[in-house]
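First to last, the protein sequences are chains F and W.
Quick note: the first sequence, position 27, residue 27 per our numbering, numbers continuous.
Quick note: the second sequence, position 109, residue 109 per our numbering, numbers continuous.
No lab work stands behind these hints, which were simulated from the structure alone.
Note that the structure is a prediction, hence the values are computed from the model and not measured.
For every residue, glycine included, the Cβ atom is placed at its ideal position computed from N, Cα and C.
Heads up, some of the hints might be wrong.
[Said to hold, decoys possible] Taking lysine to any residue pairs in the SDA-like style, the calculated list, with each CA pair at most 25 Å apart, reads:
(1) F/116 - W/170
(2) F/116 - W/120
(3) F/116 - W/46
(4) F/116 - W/24
[Stated by the list, open to error] Now the stretches of chain W that chain F is said to cover, found in silico as 3 or more residues with beta-carbon under 8 Å:
(5) 101-112
(6) 124-136
(7) 180-192
[Claimed, not checked] Residues from chain W that face chain F, not an exhaustive set, calculated with beta carbons under 7 Å:
(8) 73
(9) 116
(10) 120
(11) 139
(12) 140
(13) 158
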Amino acid sequence: MLFDLHYTATILPLLAQASLVTLKATLLGFLLATTLGLALAILRMAPSRWLRWSVTGLVEFIRSTPLLIQIFFLYFVLPEAGINLDALTAGVLALGLHYGAYCSEVYRAGFEGLPKGQWEACTALNMSPLATWKNIIIPQAIPPIVPALGNYLVALFKETPLLSAIAVLELMQTAKILGSESFRYVEPITLVGLFFLVFSLVSAFLIRWVERYLNHR
Amino acid sequence: MNAPPAPTLASGVPTDPHDEKKTEPMIRFQGVGKRYGDVKVIDALDLEVAPNEKVAIIGPSGSGKTTVLRLLMTLESIDDGAIWVDGESLTHMPRDGGLVRADKQHVRRVRSNIGMVFQHFNLFPHMTALQNCMEAPINVLGLTKPDAEQRAGELLKMVGLESKVGNYPRQLSGGQQQRVAIARALAMRPKVMLFDEVTSALDPELVGEVLDVIRRIGTEHNLTMLMVTHQMGFAKEFADRVCFFCGGKIAEQGRPEKLFGAPEQERTRRFLRAVLEAG
Chain F
1 MLFDLHYTAT ILPLLAQASL VTLKATLLGF LLATTLGLAL AILRMAPSRW
51 LRWSVTGLVE FIRSTPLLIQ IFFLYFVLPE AGINLDALTA GVLALGLHYG
101 AYCSEVYRAG FEGLPKGQWE ACTALNMSPL ATWKNIIIPQ AIPPIVPALG
151 NYLVALFKET PLLSAIAVLE LMQTAKILGS ESFRYVEPIT LVGLFFLVFS
201 LVSAFLIRWV ERYLNHR
Chain W
1 MNAPPAPTLA SGVPTDPHDE KKTEPMIRFQ GVGKRYGDVK VIDALDLEVA
51 PNEKVAIIGP SGSGKTTVLR LLMTLESIDD GAIWVDGESL THMPRDGGLV
101 RADKQHVRRV RSNIGMVFQH FNLFPHMTAL QNCMEAPINV LGLTKPDAEQ
151 RAGELLKMVG LESKVGNYPR QLSGGQQQRV AIARALAMRP KVMLFDEVTS
201 ALDPELVGEV LDVIRRIGTE HNLTMLMVTH QMGFAKEFAD RVCFFCGGKI
251 AEQGRPEKLF GAPEQERTRR FLRAVLEAG
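So that you can see chain F by itself, here it is in the shape it has in the complex:
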């Protein structure tokens, strides 16, 4: 029999445990990406030209280099500079940085999509830049970009198997270990694929729900 149900039942608990690591890396990575992306987008609209250019350069640099290389860099190269990160931390940081650069573009589109009159009203009311961003600009810019941010959540999630390259015990790495121990790859790899499919579908559904909620507020 090609697909061994008994074997599947024995590896399921191990994969379930590994899926928690995958979820943890996804959620922490996405939290970092959305926070960092917001900060980068705001800095890209700073009055100082030098600051704007530096941040734009940084974003382009991160977006133009492969995530796998960034993961390797944080995990294998930083220790040379005396910075030792455990595998999961390095992985989460790399995911957050990489997707933070992408998210910053999404935020920027959201900010630029707001009518100029909103900024002018804030100036006319003498509001501080902080209050303008916090109370007027960000609350209006976020709802329309939820679908785009949601896409990046799913994309980031599907890139977590790259963390297996630095031996984070997430789903893919666990499946690889199980396969090499039992010489059966069909069950673990299929289960991992199924898990990603189910979680991606659930995420897409949740994102749509959040989108509807924000639009009907």
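Please arrange chain W on chain F, whose structure you already have, making use of the hints.
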């Protein structure tokens, strides 16, 4: 058959021979210039507005009339000259015995004297009418929430919207939105109010309700008011002075009955004739 030119101050503003005592102006434009690229939008403008004076600014499109308000609100920066508000420079600040370009803090302090109402209202769409009027008083003036709510409620009542305090801008008509915008600006207790074509985006039947509110605040509040308008009837009845802008300069100014009744310049006459014909 040209009338003799009116006596002018050094700044070029005609003096009113009946005006005996000269008060410190609330607003003073001193040789103000503004360019967009090679185009001079405002050309060496001198303009003084007395406290509590109501000035209507009229003129053809592209004459720089809206820019005057935008410069005063610091939505645009000036290229030449200086602007003074209530005796203090908005554009410059004293340092080492001279004047240097004002920093952000200085601009914010002097700007707090000015409020502005826009053609397209610019209300915050994610806030109710009441919240729109409370936001800046809480965040800028440091009012407590109950105080800000009381102030906002009173102002919304004054503009006739006490039943709409909980409505979002999208649930209000254009005229109602503009009245909220007026209340929002007044909540900051400015000394100067700027109205930038505030009825231009409204359906004709909604213009009256907004003009009524402006009329009322003009009489009930001690406010210096500058309004860019196409409502010649309203300018005639409401303003103490009308300035006709052309090519980034004041081509002619005077009391409304004079400017509308017997304009001196050919350019003014042509403009007024065109406006009257348009209806």
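Consistency of the hints with the structure:
Taking the CA atoms of residue 116 of chain F and residue 170 of chain W, the gap is about 18 Å. The hint holds against a cut of 25 Å. A distance of roughly 11 Å separates the Cα atoms of residue 116 of chain F and residue 120 of chain W; the hinted pair therefore holds under the 25 Å criterion. Of the pairs offered as hints, the one joining residue 116 of chain F and residue 46 of chain W is violated, with about 29 Å between alpha carbons and a cut-off of 25 Å exceeded. As the CA atoms of residue 116 of chain F and residue 24 of chain W are separated by approximately 35 Å, the hinted pair breaks the 25 Å bound.
Coverage of the stretch 101-112 of chain W by chain F holds [criterion: at least 3 residues with CB-CB distance below 8 Å; count 3]. Check result for the stretch 124-136 of chain W against chain F: holds, 5 residues qualifying (beta carbon to beta carbon below 8 Å, three or more required). A stretch counts as covered by a chain when three or more of its residues have a beta carbon under 8 Å from one of that chain; for the stretch 180-192 of chain W and chain F the count is 3, and the coverage holds. Satisfaction of the interface hint for residue 73 of chain W is found here, the shortest Cβ-Cβ separation to chain F being roughly 6 Å, below the 7 Å cut-off.
Of the supplied interface hints, the one on residue 116 of chain W holds, with its beta-carbon coming within about 4 Å of a beta-carbon of chain F, less than 7 Å. For residue 120 of chain W, the interface hint holds, the least distance from its beta-carbon to any beta-carbon of chain F being 6 Å, beneath 7 Å. About 4 Å separates the beta-carbon of residue 139 of chain W from the nearest beta-carbon of chain F, less than 7 Å, and the hint is met. The beta carbon of residue 140 of chain W is positioned within 7 Å of a beta carbon in chain F (closest approach about 5 Å), and the interface hint is therefore held.
Interface hint at residue 158 of chain W: violated, since its Cβ lies 18 Å from the closest Cβ of chain F, which is beyond the 7 Å cut-off.
Comparing the model with each numbered hint stated earlier shows that hints 3, 4 and 13 do not hold.
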